[in-house]
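Q: Chain order of the listed sequences is A and B.
Oh and the first sequence: position 96 is 96 in our numbering, straight run, nothing missing.
Oh and the second sequence: position 252 is 252 in our numbering, straight run, nothing missing.
Derived from the structure by calculation, the hints contain no laboratory data.
Incorrect hints may have been included.
[Unchecked claim] Straight-line C-alpha distance at most 20 Å; calculated SDA-like pairs for lysine to any residue:
1) 18(A) with 356(B)
2) 83(B) with 293(A)
3) 18(A) with 382(B)
4) 18(A) with 184(B)
5) 83(B) with 55(A)
6) 18(A) with 85(B)
7) 55(A) with 184(B)
8) 293(A) with 317(A)
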Amino acid sequence: MKFTYLALLSGIVFISCKPKFEMPEEHLGTVNVTNYIALGGSNTAGFSDGAFNLKGQENSYAQILSEQFNRIETSTFNQSLVSEMGINLDGNSKLIVGYKTDCNDEESLSPVRFNSTGDNSILSANVSSLGLFNNMAIPEMSVTDVNTLNYNNPFYQRIVADASSTSVLDLAVANNPTFYTTQLGEDDILAFATSGATSAPTPTNGAAGVGFEGSLEEVITSMVAAGAKGALLNIPNVLNHPYFTTIPYNGLEIDAEQAESLNSVFNPIGLSFQVGTNGFLIEDTSEPFGVRKMLPGEKILLTIPLDSVKCYGMGITNYIPDRYSLTLEEIEVIEQMITEYNQVIASLANQNGVALVDLHSLYKSFHNETVYNGVSMSSDFISGGTFSLDGLNLNPIGQAKIANAIIEELNTFYNAAIPFADVTTYPGIIFP
Amino acid sequence: MTQHLTKKLLLFAALFPLLSLSQGYQVNLQGQVSQAMGGAGLAMTEDGSSLFFNPGASAFIEKNEVSLNFTPTFANGTFLEAKTNNLAHTVSPMGTPFSAYGLFHLKDSSSLKLGMAVYTPFGSTVEWEDGWEGRFALKRLQLMSIFFQPTVSYKISDKIGLGVGLIYTYGKVNLQKDLPLQFEDDGSYGTAELAGTSHGFGYNAGIYFNATDKLKFALTYRSRIDMNVKKGQAIFTVPASLEDKFPSGEFSASLPLPSVVSLGTVVNPTDKLLLALDINYTNWSVYDTLGFDYAVNTESLEDTRSPRMYEAAFAFRLGAQYDVTDKFKARIGVSFAQTPSLDDYVTPESPDADRISYTIGLGYAITKKISLDASLLYTQLEREATNQETQLSGTFKTIVFAPGIQFNYTF
């Protein structure tokens, strides 16, 4: 059958004939990416899963952004890379998903430490001799510390030769930035919120080193003076991070007998409990007896010792200490701070002709659950697939979404045509 | 903790259909004569493929006939993601649609013909390369089906023929996609594989009207057939800690094959030239949802309902046949088919688009009893779409190339 041969032959020829596309144009617009400097706190540094670790760094949005730049123009992006195990300021290693047995002997999937201690060599070795780094974000850096001498943060101490004469901003400027991003302020809000609103927040107004406004302005002015174009990332509503949303305010579930015995104790001080779910008992010094039941909308922090709640009466017979909860009043203060900070960021971006990346909206889309190429993402703890296991910082997928939000803004603001990162190729949560 | 993986699985539903020829998941490669003429030929009495195209015309074929038809089909698809500018290619194997027709008359009655048609109007594999951006929507879909159609065709008069065939369908489906759950050891992704078989019944009926020597008409109706997968096997490969959330087990699903109403005409302007025009109206609106019911549901594995929202669509087919010599016929044709899928519901298993197909072919009578027909079909489709369920957004381009050959024996 000659024809069959012909058909097969022509078929083989055809196999190599793929549809042709006129590829979309890719260019950097007016952005010069020769030396991109990222300034920020934990999330920008790639701090994730509860520690400063290699995977987090390799998948920080700053790194991802630089890789997208590289598709158009080759440049280097240096980070002070650490180990896989990582370490945080409490000396712990990063978290992974593992099995944990609680006080009731129930085993469940839960974040557990990768190692019994963190990698101390990270903090003991000074890597400043490696040169200047492009990712100048320092875990837990407050905006007021960016231009502070003697900044006493071990993650900074390890990358600077002489902290007494050099601030983070000095190092950043010394690297001759041509482009920069800042994600500053979120760590200030988080420092306040994760303390259960027991620490002193960074005020919105105030000079550099004191207030958010003066400090950020100083950063931008320095970058503008250095001739760099940039993008300012604003601040999401951190109270929607899983750290604040995973444990419900009314997780106290009791039966009739328990309700009766609790009521016999608490009715005299004006508190009553019902069968079913109840708000936990929290510390509130403004109440006559110093305690009250939690109200809808109030938050319990992820750091609360769950065994104490499950087996030792925390939140039931003993109140939950203030540092593990946020009251409606505290929530209002935090939300007000975020609003004010974001107004400052927007007006500084506007005044200095710098791009503004709306992370506040992006995180809202995490919170409301969105779908990307067939994968559903939300800000739910672990299963949401966006946040890392610390519930505060993003995992690589979330980081890639930030990189794309920045690219989208650069494409508009600086007339660039930079391709987005393929979010689905970045690691999500790994299961045992 | 894994409650919301549920939603991830909801997206699991993207399923059956095909990167195929013609519309939606319908393949119109059932005979080389018609294939060479843009798929037209309802009102032709050229060969046994009338059992498929118009059972009413079969009674007008004078002799007994057996024909075998095979069309290796090559479809190359490429996807350009809207925002990453990444390209992904299909690595689909060759499609192998075939058909076989047998047409016989009873001794004592030449006006009654009996026929058996076996054909594969759905049957190809769409496979996207490893790691492509839509792998959580679809990795691979293999659909095989075979139709058996015993047919009776009766010539009421010299003018009119009626025919009807009962269709029994056996189908096989195998669908694979990645799940966004990563393994600890190498970071690879979980997978889901759904495999099943189905059976369905329907019928195919037609009227042939031999108006004059030079003018014929045809009206046909092929019924809807519901392909029900009753005891399919769902196999989930996920990290050990999630195995109880994704229990492998049985599932059921249903895919409707839509009804088709067609009107055809044939004109012979000269003794040597034949022109054919067909219009098909396929009621794709029956495919509005694709659902999967799992025998065992968990908080992470719920039954799914995916919108497809297909709409009824027309196809127009125009073909010409010229008798170059007594033995040799040349054919050419073109067709236009509307897509049944809306922009918001285009899927990587069937990145369909309005399409124009070009065909050529020839027929050659080797002896009085033996003849060969061959054809070649080419079409290119392009569809820019954002699927509202998966948010997969970009442009699909597909080139389809289908050379085919048919062997006929008349006696």
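Q: Next step is simple, just say for each hint if it's right about the structure.
A: To see whether the hints hold, each was checked on the structure:
1. Annotation: proposed proximity of residue 18(A) to residue 356(B) holds, straight-line Cα distance about 18 Å (limit 20 Å).
2. In summary, the hint linking residue 83(B) to residue 293(A) is not supported, as the alpha carbons are separated by about 49 Å, beyond the 20 Å threshold.
3. Only pairs whose Cα atoms come within 20 Å are accepted, and residue 18(A) paired with residue 382(B) is accepted, the gap being roughly 13 Å.
4. Of the pairs offered as hints, the one joining residue 18(A) and residue 184(B) is violated, with about 36 Å between alpha carbons and a cut-off of 20 Å exceeded.
5. At roughly 25 Å between alpha-carbon atoms, residue 83(B) and residue 55(A) are farther apart than 20 Å, so this suggested pair is violated.
6. At most 20 Å may separate the alpha-carbon atoms for a hinted pair to count; residue 18(A) and residue 85(B) meet this at roughly 16 Å.
7. Restraint check: the Cα-Cα separation between residue 55(A) and residue 184(B) comes to about 14 Å, which is no more than 20 Å; the hinted pair holds.
8. Annotation: proposed proximity of residue 293(A) to residue 317(A) holds, straight-line Cα distance about 11 Å (limit 20 Å).
The structure fails to meet hints 2, 4 and 5 from the earlier list, while all remaining hints are met.
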